[in-house]
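Participant: This is what each chain is made of:
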Amino acid sequence: MARRVLLIEDEPNIIEAVSFILSRDGWTVHTHSDGLSAVERVRAHPPDLVILDAMLPGRSGFDILQELRGDPATQALPVMMLTARGQARDRDLAMRLGATHFMTKPFSNAEVLDRVRALANG
Amino acid sequence: MSAEVPAGSALAGSRIRARRLDAGVAQGELARRIGVSPSYLNLIEHNRRRIGGKLLNAIARALDLEPALLAEGAGGALVARLAAAAAAQHRPGAAPEEFAGRFPDWAALVDAQARRIETLEGQVSALGDRLAHDPELSASLHQVITAATAIRSTASILAGGETLDRDWQARFHRNIHAESLRLAESSRRLAGYLEAPGGDPGGAALSPQEQVERFFEAMGHHLPALEGARPAMHPSEIAAGAPGLDAAAQTLMKHRLESYRADAAALPLDEVAKAWQDSAEPLAMAARLGQPLERVLRRLAALPAGIGPPRAGLVVCDAAGAILQRRPLDGLTLPRGGAACPLWPLFEALTQPGRPLRAVARLPGESADSVLCCAIATIIPGADWDAAPRIEAVMLMMPQGAEPSGLPERAVGPGCRLCPRRGCLARREPSLLPRLGEEALTAPETPAIVTR
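In order, the protein sequences belong to chains P and Y.
Letter by letter, the first sequence follows residues 1 to 122 in this note's numbering.
Letter by letter, the second sequence follows residues 1 to 452 in this note's numbering.
In short, the hints are calculated from the structure, not lab data.
Don't be surprised by glycine CBs; every beta carbon is placed ideally from N, CA and C.
Some hints here could point you the wrong way.
Said to hold, decoys possible - Short, incomplete list of chain P residues facing chain Y, as computed with Cβ under 7 Å: (1) I15; (2) A17; (3) S19; (4) G70; (5) K105; (6) P106; (7) N109; (8) E111.
What the hints assert, rightly or not - Simulated restraints, written as ranges between beta carbons of each label pair: (9) R96/P / A108/Y: 29 to 37 Å; (10) A118/P / E217/Y: 55 to 63 Å; (11) G321/Y / N121/P: 31 to 39 Å.
Stated by the list, open to error - Computed list of chain P residues with no C-beta within reach of chain Y, every gap over 10 Å: (12) N13; (13) E16; (14) R24; (15) L36; (16) M55; (17) A84; (18) R91; (19) D92; (20) A120.
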């Protein structure tokens with residue numbers, strides 16, 4: 001069975017490009033665009049890995065990450081955070097909240113693939 | 001006058017030498033005119049002999065100068081600023097007093113350039129702050145980066161060399177086209193935002209508070225259009241017509257102007273002028289005029305020439321010590337951004353809201369000016385039950401004359417990095433300055449504050 005990745009991102013063209021490259025690599029890609037219901041989505045259909053954008057409508061990616069890490073069911077779930085703001089404090093915050101990896105936009109496709117594979121093998 | 005030149009004029013010899021050379025008088029000739037040997041004059045000129053008042057007067061007469069020019073040298077504030085400028089460039093060995101005494105015009109130029117650098121650094125800092133905190137700028141940058149991400153990722157798929165079916169290709173081309181349009185639009189908005197309002201290239205780097213401050217500086221801190229029983233203009237009209245303000249500065253300006261108008265209505269110019277003539281003391285004026293002290297302090301720093309104190313500065317801060325409003329006193333003010341010396345009475349007032357404080361603040365340096373400070377903090381209640389109140393402190397600064405005031409002095413500084421004082425309990429970080437001689441005042445075992 002293909003491994004599942006949940007891409008939580010609200011930009012449709014980024015969703016399409018990232019979904020395409022991951023699908024082509026053999027992943028089953030699910031997407032979700034709303035920050036408010038993102039945690040429920042993870043709990044309802046737990047993926048093998050989450051790619052989480054920091055800026056989402058309704059709720060920030062940092063808040064979502066914090067809640068995931070506070071729940072024993074999702075505590076160990078690999079989460080790669082994406083952000084358009086590359087400041088050190090965002091990286092620090094993400095890592096402090098328990099992100100497995102942090103990636104700054106604009107990223108390269110190869111970078112995303114390499115990191116997703118590494119996290120899945122983990 | 002026969003007393004020796006005081007310690008503060010220890011470099012009078014350098015000034016004598018500079019003035020003598022300027023006048024084209026040989027050392028031997030000047031020595032002859034004043035009745036001393038050339039070798040003794042040489043020792044004086046190299047600051048190896050202290051010079052008495054009688055001899056100083058004789059030299060001044062011989063060179064056709066005011067004795068004070070030789071004794072006092074350059075202004076203490078100028079010397080302090082030159083010292084700070086030298087320290088900022090890591091030149092601890094510089095001799096600012098000698099430099100200012102010998103080359104006053106060049107010293108003024110160096111000072112002006114140092115101030116310009118300070119202003120530009122402030123603008124850079126404000127721009128950096130904007131990049132980090134301005135929500136509009138942050139949103140614009142986010143748009144640009146998001147579009148760039150989508151384009152990069154999609155283009156990379158198309159350029160990857162793998163065969164894509166026609167539908168996917170068309171889809172990705174459409175996406176790139178849409179994102180390129182978004183990138184163009186968001187870039188244009190970003191560029192427009194970074195350009196100064198009104199085409200002023202300096203304005204973009206100014207924070208809203210600095211934009212408002214610049215307006216008040218240009219107006220001399222007095223607005224005739226808001227004075228009188230029937231003011232010529234409404235605060236919102238002035239705010240709307242003020243040049244070079246962004247939206248945030250407009251909002252801030254309106255509040256400032258409304259506060260100004262309220263003060264002007266409560267304290268008409270003629271009443272303030274009369275009260276000042278009768279007693280040039282803010283607390284007595286507040287009692288006589290039946291107005292809160294903080295309003296009187298603000299008003300005294302917003303009067304036209306000829307009314308109230310000849311020169312006045314003002315600083316207003318909130319409970320966090322953030323500076324909300326400034327009017328410099330002869331170029332002296334408190335820095336923004338939490339870098340101010342905490343020993344200013346303004347900040348002490350925050351710890352005792354409602355208690356008027358008065359102190360003579362003395363800046364470091366042998367010939368630094370003293371400043372009479374009157375301060376008070378007030379609690380402004382919230383509109384709802386249990387709402388947190390707002391606390392604001394106001395400090396009026398007036399020059400303290402040469403004559404003793406009878407008030408105890410308090411040592412303050414320009415901020416730790418530019419303050420040479422040793423043993424200061426309030427120091428937050430080491431000074432950039434070399435140790436500039438011994439200080440008579442060390443701060444602050446006992447706060448030198450007079451309360452009434």
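Participant: Against this structure, judge whether each hint is valid.
Facilitator: Structure-based check of each hint:
For I15/P, the interface hint is violated, the least distance from its beta-carbon to any beta-carbon of chain Y being 9 Å, above 7 Å. Because the beta carbon of A17/P sits about 4 Å from the nearest beta carbon in chain Y, less than 7 Å, this interface hint is met. At a threshold of 7 Å, the smallest CB-CB gap from S19/P to chain Y is about 10 Å, leaving the interface hint violated. A hinted interface residue such as G70/P counts as satisfied when its beta carbon comes closer than 7 Å to some beta carbon of chain Y; here the least separation is about 27 Å, so the hint is violated.
At a threshold of 7 Å, the smallest CB-CB gap from K105/P to chain Y is about 4 Å, leaving the interface hint in force. The beta carbon of P106/P comes within 4 Å of a beta carbon in chain Y, closer than 7 Å, and the hint placing it at the interface holds. Look at N109/P: its Cβ gets to within about 5 Å of chain Y, closer than 7 Å, so that hint holds up. The beta carbon of E111/P is not positioned within 7 Å of any beta carbon in chain Y (closest approach about 10 Å), and the interface hint is therefore violated.
Separation of R96/P from A108/Y is about 51 Å and departs from the stated range, judged on CB atoms against 29 to 37 Å. At about 58 Å, the beta-carbon gap between A118/P and E217/Y stays in the expected band of 55 to 63 Å. A hinted range of 31 to 39 Å for the beta carbons of G321/Y and N121/P is inconsistent with their spacing of about 52 Å. With 10 Å as the threshold on Cβ separation, the claim that N13/P sits away from chain Y is violated: the shortest Cβ distance comes to roughly 4 Å.
For E16/P, the requirement that its beta carbon stay farther than 10 Å from each beta carbon of chain Y is not met, with the minimum near 6 Å. Once the 10 Å rule is applied to beta carbons, R24/P is inconsistent with being away from chain Y; the minimum gap is 8 Å. No Cβ of chain Y comes within 10 Å of the Cβ of L36/P; the nearest lies about 19 Å off, and the non-interface call holds. In this structure M55/P is not separated from chain Y by more than 10 Å, as the shortest Cβ-Cβ distance comes to only about 6 Å.
Distance check on A84/P: its Cβ comes as close as 4 Å (rounded) to a Cβ of chain Y, failing to clear the 10 Å threshold; non-interface status is violated. At the 10 Å boundary, the C-beta of R91/P stays outside the reach of chain Y, the nearest C-beta of that chain being 14 Å off. The claim that D92/P lies off the interface holds: its Cβ sits roughly 14 Å from the closest Cβ of chain Y, which is beyond the 10 Å cut-off. No beta-carbon of chain Y is positioned within 10 Å of the beta-carbon of A120/P; the least distance is around 20 Å.
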